[in-house]
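Using the numbering used here, read the sequence shown as starting at 4 and increasing by one per residue.
Please keep in mind that the hints were generated in silico from the structure rather than gathered at the bench. No experiment lies behind these values; they were computed from the predicted model shown. Treat the hints with caution; some may be incorrect.
[Unchecked claim] Lysine-lysine pairs mimicking DSS-like chemistry, simulated, CA-CA at most 30 Å apart:
1. Lys581 / Lys650
2. Lys721 / Lys597
3. Lys339 / Lys496
4. Lys496 / Lys389
5. Lys624 / Lys496
6. Lys650 / Lys624
7. Lys688 / Lys718
8. Lys590 / Lys650
9. Lys688 / Lys597
10. Lys57 / Lys46
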Amino acid sequence: MTPEETDFLFADHEDEATPVAEIRDFWDVLIVDDDPEIHSVTKLALSGVTFWEKGIRFHDAFSGKEAIEILSQPNSICVVLLDVVMETDDAGFHVVRLVREQLNNRFIRIILRTGQPGFAPEENVIREYDINDYKTKTELTRSKLVTSLMTAIRSFEQLQQLESHSASLASILEASKAILGHTDIQVFGEAVIHQLANILDVEAKGIMCGMIGDDKRILVIGGSEDYQQYVGSGLEQLDNGRIILQMQNAFDCLCHQRTDHDLTFILKTKSRSAAIYLELEARPNDAQLQFAELFLTNVSVGLDNIRLFNKLRDVAYKDPLTKLPNRSNFVEMIEKEYEPDHNEFIFAIVDIAQFSDINNGLGQEVGNLLLLAVMERLRVEFPEAKMLSRIGADVFALLLPNATFDDELFLDALLIPYAVGEHVLTVHFHVGLCEQQDFHKQGLETLKLAYIALNQAKMGKVTVGRYSADLEERMAWRLGIIRQLRQDFEHRKLEVWYQPQLNFHSLEVIGCEALLRWPSGNGNYISPAVFVPMAEDSGLIVDIGQWVLEQACEQQRLLAQRGFDISVAVNVSVPQFKVPNYAQSVKDTLEAYKIPSNKIELEVTESVVMDDISGVIETLKELKNYGVEVAIDDFGTGFSSLSYLQKLPLARLKIDRAFVKDIPDNDSGAIASLVISLGKSLGLKTIAEGVETQEQATVLKTLGCDEVQGFLYGKPMKSDELFDFLQNTKSESQ
Numbered sequence: 004m005t006p007e008e009t010d011f012l013f014a015d016h017e018d019e020a021t022p023v024a025e026i027r028d029f030w031d032v033l034i035v036d037d038d039p040e041i042h043s044v045t046k047l048a049l050s051g052v053t054f055w056e057k058g059i060r061f062h063d064a065f066s067g068k069e070a071i072e073i074l075s076q077p078n079s080i081c082v083v084l085l086d087v088v089m090e091t092d093d094a095g096f097h098v099v100r101l102v103r104e105q106l107n108n109r110f111i112r113i114i115l116r117t118g119q120p121g122f123a124p125e126e127n128v129i130r131e132y133d134i135n136d137y138k139t140k141t142e143l144t145r146s147k148l149v150t151s152l153m154t155a156i157r158s159f160e161q162l163q164q165l166e167s168h169s170a171s172l173a174s175i176l177e178a179s180k181a182i183l184g185h186t187d188i189q190v191f192g193e194a195v196i197h198q199l200a201n202i203l204d205v206e207a208k209g210i211m212c213g214m215i216g217d218d219k220r221i222l223v224i225g226g227s228e229d230y231q232q233y234v235g236s237g238l239e240q241l242d243n244g245r246i247i248l249q250m251q252n253a254f255d256c257l258c259h260q261r262t263d264h265d266l267t268f269i270l271k272t273k274s275r276s277a278a279i280y281l282e283l284e285a286r287p288n289d290a291q292l293q294f295a296e297l298f299l300t301n302v303s304v305g306l307d308n309i310r311l312f313n314k315l316r317d318v319a320y321k322d323p324l325t326k327l328p329n330r331s332n333f334v335e336m337i338e339k340e341y342e343p344d345h346n347e348f349i350f351a352i353v354d355i356a357q358f359s360d361i362n363n364g365l366g367q368e369v370g371n372l373l374l375l376a377v378m379e380r381l382r383v384e385f386p387e388a389k390m391l392s393r394i395g396a397d398v399f400a401l402l403l404p405n406a407t408f409d410d411e412l413f414l415d416a417l418l419i420p421y422a423v424g425e426h427v428l429t430v431h432f433h434v435g436l437c438e439q440q441d442f443h444k445q446g447l448e449t450l451k452l453a454y455i456a457l458n459q460a461k462m463g464k465v466t467v468g469r470y471s472a473d474l475e476e477r478m479a480w481r482l483g484i485i486r487q488l489r490q491d492f493e494h495r496k497l498e499v500w501y502q503p504q505l506n507f508h509s510l511e512v513i514g515c516e517a518l519l520r521w522p523s524g525n526g527n528y529i530s531p532a533v534f535v536p537m538a539e540d541s542g543l544i545v546d547i548g549q550w551v552l553e554q555a556c557e558q559q560r561l562l563a564q565r566g567f568d569i570s571v572a573v574n575v576s577v578p579q580f581k582v583p584n585y586a587q588s589v590k591d592t593l594e595a596y597k598i599p600s601n602k603i604e605l606e607v608t609e610s611v612v613m614d615d616i617s618g619v620i621e622t623l624k625e626l627k628n629y630g631v632e633v634a635i636d637d638f639g640t641g642f643s644s645l646s647y648l649q650k651l652p653l654a655r656l657k658i659d660r661a662f663v664k665d666i667p668d669n670d671s672g673a674i675a676s677l678v679i680s681l682g683k684s685l686g687l688k689t690i691a692e693g694v695e696t697q698e699q700a701t702v703l704k705t706l707g708c709d710e711v712q713g714f715l716y717g718k719p720m721k722s723d724e725l726f727d728f729l730q731n732t733k734s735e736s737q
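Can you build the whole structure from these sequences, using the hints too?
Printed below as a string of structure tokens:
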């Protein structure tokens, strides 16, 4: 290098500055030039220079190739002082291309220097290459070199900050995604601690607390691994006075708390206040704290979302009255208990018998209080129970230890009367049981098995039903029968037959009973004892019963047209009586067919009467006022209360065939005699059914029975056969 070329470095060099304190941080600058003297004088010119309390640390490369090798390795170089002409005339330009395109380094700043000013126009170089400056070496006096270097370092620092900010923003977005997907508050709290620590570049060690309830108690709702054991506990339970103090201060003043050892952020959400405590080993910088603030905005949103989600989940999975899990929730929970090789638990469904009557008779408020009382009874009496849920309007479900479960003790605990408001109620229950070994993978299937057992309890005389495989087969058969019955009814395959009823003394036909018949399709008939209870349980009996009444009305109309002045008796079941305005529907039907009200008689069983005594009395009174007569069918076989019998607006008592069939050989007729005497005392006629022998008829007639029905006098017959029977009877009497 010529003396002229070296002079520029010292042109405005001042006296050496007073020594300063030791520099411990540096800006790394790479000098690339094939002239060693340029390296020396550049270092000399920049010696002692500092930018923002950081010195200059130099690195050397004496060719473009060597520069690329250095820059290809991990390094902290921020500025390159790059000679253009080295091993080739454009070696410097080649280095710039490789740095930007091959090494993909957008941050390092490059100052091109050339000793040949006419080699390339400055404007073209600046336009085509990503560089900070392009100067001839003679232009770069010390002050200009310092200025160019300072500008380049500032540019490098700004680019680094922009990249850091961009990365931080991306980190916030990722962190926000990581927390906003959670719906469990504990998992959410743990995720927040980890993501916030990542943004602040500190260890993930801390807790998240919320101020809950009117008493403003502070609870731990999430935390890092060291604090997981405290989740759900009050803040005061922590064995750390610093955390308690900082958290309490944050909640009291609703502002962040910051010390050299920790950070406490306060969050304000729509529903409650929350705070996050983080331990510190080093203080985060201002930029990190700003980004943390941005992240905390999303944390607040996440907390509100969890609260909203939990509200929606409560609507979907919790019973609003009892706050217990509902059917949907229970189905999900029971699936987790599927372990075919275990039989640890027994699944019990508890159904409150005749709950609708309590609800309707005493009011919905009393009904709700009863449900709460039953729930509390189950909780108190069976503290070992799991998954207590309300899965229906009057149905509870729970899991109990199978080894200690006892049917009778379970039921006895439930049957103790309930104090409900101003009432003390004796409540009956049906219970369905299913053992864990019979559970299915699908919760709905398991629920179905327990309901099969419950239906067994409802249909039979037992109160507790237990599921078994053969029980399911019987239920499948039963459902098949009901399905076929429904189909045949829709296709009008059912038939109504009629059995004559006679005056016992004159043997004059005074009426007939309409009897439902179901042909099986092979010339036989399915017994009413089989399908009628099924129709009642399924509710199909309501539609069938109405159809039978209509058929009876049509038959009565035809009888009247042919000159036979007799009535038609129609059986009525419990479900029919439960239909709102049943009496009015009967009146409407009779009026539609123009049938005199005294020509249709309704036969009700004792079970109908006792199901809802007060309601039945009102309905029967309405029917009597209209002119429809009512008979008690199968009298004496149920659990009738004689105190109510005199209140019922009845026309006759029907002696059940059970009290007739053994007369006179194995039965003296004592019970039949009692029924006949009772009828006379109440002013009611009596009719005996199932009379098949003359001996039976003689005894009953002697006892004073008024009317008779049975095979001895006439079997059930189709409509046309009935007309022939009546015609023949009329001819014989003449």
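Hint check:
no. : hint            : in the structure
1   : Lys581 / Lys650 : holds (20 Å)
2   : Lys721 / Lys597 : holds (23 Å)
3   : Lys339 / Lys496 : violated (47 Å)
4   : Lys496 / Lys389 : violated (49 Å)
5   : Lys624 / Lys496 : violated (35 Å)
6   : Lys650 / Lys624 : holds (10 Å)
7   : Lys688 / Lys718 : holds (22 Å)
8   : Lys590 / Lys650 : holds (22 Å)
9   : Lys688 / Lys597 : holds (27 Å)
10  : Lys57 / Lys46   : holds (16 Å)
Checked against the numbered hints given earlier, this structure breaks hints 3, 4, 5; the rest are met.
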